[in-house]
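Protein chains in written order, with the numbering used here: chain A, 76 to 191; chain B, 19 to 133.
Some hints here could point you the wrong way.
Heads up, simulated BS3-like pairs for lysine-lysine below, C-alpha to C-alpha not over 30 angstroms straight-line [stated by the list, open to error]:
#, chain 1, residue 1, chain 2, residue 2
1, A, Lys186, A, Lys146
2, A, Lys146, B, Lys83
3, A, Lys143, A, Lys133
4, A, Lys133, A, Lys186
5, A, Lys190, A, Lys133
6, B, Lys35, B, Lys75
7, B, Lys36, A, Lys117
8, A, Lys186, A, Lys143
9, A, Lys190, A, Lys90
10, A, Lys132, B, Lys87
11, A, Lys90, B, Lys89
12, B, Lys87, A, Lys117
13, B, Lys83, A, Lys117
14, A, Lys190, A, Lys80
15, A, Lys117, A, Lys132
16, A, Lys80, B, Lys35
17, A, Lys132, A, Lys90
18, A, Lys133, A, Lys146
19, B, Lys89, B, Lys35
20, B, Lys89, A, Lys80
21, A, Lys132, A, Lys186
22, B, Lys36, B, Lys87
23, A, Lys117, B, Lys89
24, A, Lys80, B, Lys87
25, A, Lys133, A, Lys90
26, B, Lys89, B, Lys75
27, A, Lys183, A, Lys132
28, A, Lys90, A, Lys186
29, A, Lys117, A, Lys80
30, A, Lys190, A, Lys117
Simulated from the structure, these hints should not be mistaken for laboratory data. All of these numbers come straight from a predicted model, not from anything done at the bench.
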Amino acid sequence: QQQVKQSPQSLIVQKGGISIINCAYENTAFDYFPWYQQFPGKGPALLIAIRPDVSEKKEGRFTISFNKSAKQFSLHIMDSQPGDSATYFCAAHKRDYGGSQGNLIFGKGTKLSVKP
Amino acid sequence: EAQVTQNPRYLITVTGKKLTVTCSQNMNHEYMSWYRQDPGLGLRQIYYSMNVEVTDKGDVPEGYKVSRKEKRNFPLILESPSPNQTSLYFCASGFSLGTGNTEAFFGQGTRLTVV
């Protein structure tokens, strides 16, 4: 059962455009929602993250929008650049009420290509 | 520079031959973890460690072992590798959320092929 559903699988955007990647979840025990950026041949890198008590978080050209009632969150990349071309993963941290760890559930990734 | 270092980057081995993938971090993080990345399946957690001598199973631990004798190192051990363990492996370290720990830094990856 896929707990974090990410769409689209791939995305092509023109330089200067807005890239939007969406994720949906079902488990209300999730308490932290990070996005990771992965370039070919590299490991994922934490890009931006949000807690469920906040509806939006912005860092430079990257914005997370969070809709708690709809159980959805999205990554917006404004003024997309060719250097943003990478695979983006959303994730959700599932709190473990029985212990102290929980674990991170990843979406399956979106391959973004920004055309010059 | 903050980093997680994995070695080797590439490894081809034969079924049943024990191997170890090393992982080291220089950020003094208590939390470390191992993931495998497979096409269509995304990233799946193998094992994690909340501190020295404290390790626990992730979502796909079968066929793997780990140890955490020092804070900076978290090696992944495959006692008897099989072809279904052919994958791209990532080590990660991270910080506490208060409700658990989360991954902040990933290594460059180890591409393992078991023939």
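Verification of the supplied hints:
no.: 1; hint: Lys186/A - Lys146/A; verdict: holds (22 angstroms)
no.: 2; hint: Lys146/A - Lys83/B; verdict: violated (35 angstroms)
no.: 3; hint: Lys143/A - Lys133/A; verdict: holds (17 angstroms)
no.: 4; hint: Lys133/A - Lys186/A; verdict: holds (21 angstroms)
no.: 5; hint: Lys190/A - Lys133/A; verdict: holds (24 angstroms)
no.: 6; hint: Lys35/B - Lys75/B; verdict: holds (23 angstroms)
no.: 7; hint: Lys36/B - Lys117/A; verdict: holds (26 angstroms)
no.: 8; hint: Lys186/A - Lys143/A; verdict: holds (25 angstroms)
no.: 9; hint: Lys190/A - Lys90/A; verdict: holds (6 angstroms)
no.: 10; hint: Lys132/A - Lys87/B; verdict: violated (38 angstroms)
no.: 11; hint: Lys90/A - Lys89/B; verdict: violated (43 angstroms)
no.: 12; hint: Lys87/B - Lys117/A; verdict: holds (27 angstroms)
no.: 13; hint: Lys83/B - Lys117/A; verdict: holds (24 angstroms)
no.: 14; hint: Lys190/A - Lys80/A; verdict: holds (26 angstroms)
no.: 15; hint: Lys117/A - Lys132/A; verdict: holds (26 angstroms)
no.: 16; hint: Lys80/A - Lys35/B; verdict: violated (37 angstroms)
no.: 17; hint: Lys132/A - Lys90/A; verdict: holds (23 angstroms)
no.: 18; hint: Lys133/A - Lys146/A; verdict: holds (19 angstroms)
no.: 19; hint: Lys89/B - Lys35/B; verdict: holds (27 angstroms)
no.: 20; hint: Lys89/B - Lys80/A; verdict: violated (34 angstroms)
no.: 21; hint: Lys132/A - Lys186/A; verdict: holds (22 angstroms)
no.: 22; hint: Lys36/B - Lys87/B; verdict: holds (20 angstroms)
no.: 23; hint: Lys117/A - Lys89/B; verdict: holds (24 angstroms)
no.: 24; hint: Lys80/A - Lys87/B; verdict: violated (37 angstroms)
no.: 25; hint: Lys133/A - Lys90/A; verdict: holds (20 angstroms)
no.: 26; hint: Lys89/B - Lys75/B; verdict: holds (18 angstroms)
no.: 27; hint: Lys183/A - Lys132/A; verdict: holds (22 angstroms)
no.: 28; hint: Lys90/A - Lys186/A; verdict: holds (15 angstroms)
no.: 29; hint: Lys117/A - Lys80/A; verdict: holds (23 angstroms)
no.: 30; hint: Lys190/A - Lys117/A; verdict: holds (21 angstroms)
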